[in-house]
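Enquirer: Listed below, chain by chain, are the residues.
2 protein chains.
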Amino acid sequence: MPTNRQILLDNRPQGEATVSNFKLVSVQTPDLQDGQVLVRHHYLSLDPYMRGRMNESKSYAAPQPLGEVMIGGTVGEVVESRHPKFQPGDRVVGMGGWQEYSVVNGNEPGALRKVDTTHVPLSYYLGAVGMPGVTAWYGLVKIIAPKAGETVVVSAATGAVGSALAALAKARGCRVVGIAGGAEKCAYAVNELGFDACIDYKQHTTLAAMSKAVKEACPNGVDGLFENVGGLVMDAVMLRMNAFSRIAVCGMIAGYDGAPLAMANPALILVNRMKIQGFIVSEHPEVWGEALNELGTLVAQGKLHPRETVAQGLEAAPEAFLGLLKGKNFGKQLVKLI
Amino acid sequence: MPTNRQILLDNRPQGEATVSNFKLVSVQTPDLQDGQVLVRHHYLSLDPYMRGRMNESKSYAAPQPLGEVMIGGTVGEVVESRHPKFQPGDRVVGMGGWQEYSVVNGNEPGALRKVDTTHVPLSYYLGAVGMPGVTAWYGLVKIIAPKAGETVVVSAATGAVGSALAALAKARGCRVVGIAGGAEKCAYAVNELGFDACIDYKQHTTLAAMSKAVKEACPNGVDGLFENVGGLVMDAVMLRMNAFSRIAVCGMIAGYDGAPLAMANPALILVNRMKIQGFIVSEHPEVWGEALNELGTLVAQGKLHPRETVAQGLEAAPEAFLGLLKGKNFGKQLVKLI
Chain L
1 MPTNRQILLD
11 NRPQGEATVS
21 NFKLVSVQTP
31 DLQDGQVLVR
41 HHYLSLDPYM
51 RGRMNESKSY
61 AAPQPLGEVM
71 IGGTVGEVVE
81 SRHPKFQPGD
91 RVVGMGGWQE
101 YSVVNGNEPG
111 ALRKVDTTHV
121 PLSYYLGAVG
131 MPGVTAWYGL
141 VKIIAPKAGE
151 TVVVSAATGA
161 VGSALAALAK
171 ARGCRVVGIA
181 GGAEKCAYAV
191 NELGFDACID
201 YKQHTTLAAM
211 SKAVKEACPN
221 GVDGLFENVG
231 GLVMDAVMLR
241 MNAFSRIAVC
251 GMIAGYDGAP
261 LAMANPALIL
271 VNRMKIQGFI
281 VSEHPEVWGE
291 ALNELGTLVA
301 QGKLHPRETV
311 AQGLEAAPEA
321 FLGLLKGKNF
331 GKQLVKLI
Chain D
1 MPTNRQILLD
11 NRPQGEATVS
21 NFKLVSVQTP
31 DLQDGQVLVR
41 HHYLSLDPYM
51 RGRMNESKSY
61 AAPQPLGEVM
71 IGGTVGEVVE
81 SRHPKFQPGD
91 RVVGMGGWQE
101 YSVVNGNEPG
111 ALRKVDTTHV
121 PLSYYLGAVG
131 MPGVTAWYGL
141 VKIIAPKAGE
151 TVVVSAATGA
161 VGSALAALAK
171 ARGCRVVGIA
181 GGAEKCAYAV
191 NELGFDACID
201 YKQHTTLAAM
211 SKAVKEACPN
221 GVDGLFENVG
231 GLVMDAVMLR
241 MNAFSRIAVC
251 GMIAGYDGAP
261 LAMANPALIL
271 VNRMKIQGFI
281 VSEHPEVWGE
291 ALNELGTLVA
301 QGKLHPRETV
311 AQGLEAAPEA
321 FLGLLKGKNF
331 GKQLVKLI
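Chain order of the listed sequences is L and D. For the first sequence, the working numbering gives the first residue as 1, with consecutive numbering after it. For the second sequence, the working numbering gives the first residue as 1, with consecutive numbering after it.
Take the hints with a grain of salt, since some may be wrong.
For identical chains, the list gives no copy identity; a pair is met inside one copy or between any two copies.
[Claimed, not checked] List of simulated lysine to any residue pairs, SDA-like, C-alpha gap at most 25 Å: (1) Lys212 <-> Ala259; (2) Lys170 <-> Gly302; (3) Lys147 <-> Pro63; (4) Lys215 <-> Pro63; (5) Lys142 <-> Val287; (6) Lys215 <-> Glu56; (7) Lys202 <-> Gln312.
It is worth saying that the hints were derived from the structure and are not from the lab.
With the hints as constraints, model all of the structure from the sequences given.
Expert: Below, the structure is given as structure tokens:
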């Protein structure tokens with residue numbers, strides 16, 4: 001059996017996460033038992049939710065155990081199988097974790113899913129046609145539920161979720177405004193991802209300045225906000241939200257490293273009769289089929305062509321992950337493992 | 001025609017509202033024109049929303065104009081009518097304002113509604129079987145939507161909204177926990193209004209202490225919060241809310257007088273996949289019939305017998321209103337005008 005390199009969570013962050021929280025080890029992959037499948041990972045997905053799992057505190061999911069392989073989504077190919085539904089060469093998506101190989105129980109529902117790479121590149125199943133894409137779909141379709149002509153804002157616009165959100169919202173006739181860090185990302189959002197406008201939050205460091213920028217980009221106010229960040233950006237958008245507007249809360253990345261960030265003016269929830277709802281996409285398996293179908297179609301039609309930032313080799317994962325938390329990636333952050 | 005005393009908004013509050021913001025005047029009631037009805041008010045309702053109208057700032061409703069009669073709900077009797085649907089002696093509910101008489105256009109939809117006082121005292125149509133009662137009904141039934149066995153918390157428990165909410169939630173098999181100011185109010189909530197427990201917020205002045213009190217009163221956590229106050233109390237309850245819990249935001253009284261109060265930890269919205277929704281009951285006329293029917297039945301069955309605090313005479317209205325804003329009333333605050 002091949003040697004498998006793994007990255008474990010070695011210790012929990014004190015404040016900011018660092019590379020010293022992780023540990024690289026090598027192990028032999030075990031012999032397969034009946035019903036098991038050996039998958040060689042081609043790509044590992046890096047996502048902000050992983051930072052939350054590194055803490056011990058109460059969250060929606062159990063913390064990542066110390067000394068175990070970091071959790072993470074993977075795509076790859078079956079290299080050996082003792083399960084009748086999987087054959088060597090099959091392309092599969094799973095939660096293989098931060099390692100080069102994984103042994104999967106083929107009978108566990110949802111643990112391993114075969115995918116078709118005829119029209120959709122394999123790596124997209126970790127992004128636009130995977131969990132981030134379905135995340136955008138759920139927040140937009142099930143919580144924001146926009147009408148044609150409404151304005152939808154998304155923070156972290158050029159990430160995997162934001163890219164998918166833009167395509168999905170444009171398909172529904174919305175004005176879509178992104179928020180991203182830096183002129184390059186903003187230009188990309190407008191020129192490549194189909195955003196109607198994009199606000200560079202690095203140019204607007206106060207609540208008043210950010211709120212003014214939102215007003216200029218959203219002349220009819222904001223009807224829906226897909227929130228990935230929290231803090232000042234969210235406060236500024238809230239000041240421009242219309243009556244009966246909706247916020248889908250998908251992430252609060254700015255608060256992960258330290259004390260919780262406050263919401264400056266919750267009275268706006270009442271004044272504007274807003275709805276704010278948090279969600280975790282993995283809790284809504286009933287929408288995945290419909291969502292992935294629409295997302296795959298948008299990719300095949302060329303209406304959704306997300307950017308990827310690809311780090312090379314498992315050993316590059318910790319640095320790439322810390323960069324993701326600081327917004328250094330551009331589009332979906334992946335680690336190529338072959 | 002009789003003399004009519006009125007209270008006008010004379011000037012806007014600078015910070016806290018004071019009696020000097022109001023002005024008492026006397027005018028003659030005008031002769032009726034075709035379609036008009038003259039109503040003598042028996043009771044004027046005082047409600048927290050009036051404080052918001054005194055400001056000039058953007059809110060969900062237009063500000064109260066200076067120099068005009070303060071807005072307010074009233075019950076009374078028809079004393080003269082030039083409209084075929086209304087006869088002298090009819091008991092009616094309307095938005096007559098802070099004055100002893102009002103002239104109402106009988107053709108305006110919803111402006112004047114005849115009520116039956118056989119089983120429900122006239123004043124209750126301003127409280128439990130009126131706007132506050134429907135407010136409790138909408139937030140509980142349409143936003144919190146509790147299942148039997150769930151725990152629902154309401155701040156301002158002994159007010160008109162809180163009283164109705166307790167009866168409505170008990171009728172749905174919930175554990176109902178109130179929050180009120182002082183031992184007397186808390187005892188009343190439990191002994192008379194049917195609350196399972198009531199927390200005296202004056203005994204718990206820090207977030208940690210209040211949160212501990214909520215934990216003790218809600219051993220299974222909190223599934224629904226009907227929020228009338230905001231600030232520290234809301235922050236403390238949020239720390240005890242369960243996955244998929246709901247907050248109906250009806251009031252943020254603590255923020256009316258000054259800077260907006262922050263929400264300490266909005267990341268809980270994501271962690272617990274919460275839904276928070278603000279609402280204004282007057283925007284949901286479609287529920288009033290069903291809600292008033294249930295509330296009137298609960299009163300007739302003796303399951304809802306709210307307390308009233310009654311000030312005597314129009315001239316007492318400003319002081320009574322300022323007392324309401326400070327929580328000095330006990331139950332529904334009314335002004336008796338006859």
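Enquirer: Hint by hint, say whether it matches the structure.
Expert: The hints, checked one at a time:
Taking identical chains as interchangeable, the C-alpha atoms of Lys212 and Ala259 lie at most 25 Å apart only when they sit on different chains, with a minimum of 20 Å there against 27 Å within one chain. For the identical chains of this complex, Lys170 and Gly302 are intra-copy neighbours only, at 13 Å inside a copy versus 55 Å across copies, given an alpha-carbon limit of 25 Å. Taking the closest pair of Cα atoms, Lys147 and Pro63 never come within 25 Å of each other, the shortest separation being 38 Å inside a single copy and 30 Å across copies. Proximity of Lys215 to Pro63 under the C-alpha cut-off of 25 Å is restricted to the inter-copy arrangement: shortest distance 23 Å between copies versus 39 Å within a copy.
In the homo-oligomer, the alpha carbons of Lys142 and Val287 lie at most 25 Å apart both inside one protomer (9 Å) and across protomers (24 Å), since each shortest distance falls under that limit. In this assembly of identical chains, the alpha carbons of Lys215 and Glu56 lie at most 25 Å apart only when taken from different copies (21 Å versus 39 Å within one copy). With identical chains, the CA atoms of Lys202 and Gln312 are never at most 25 Å apart, being 29 Å at best within one copy and 59 Å at best between copies.
Hints 3, 7, counting from the list given before, are not met by this structure.
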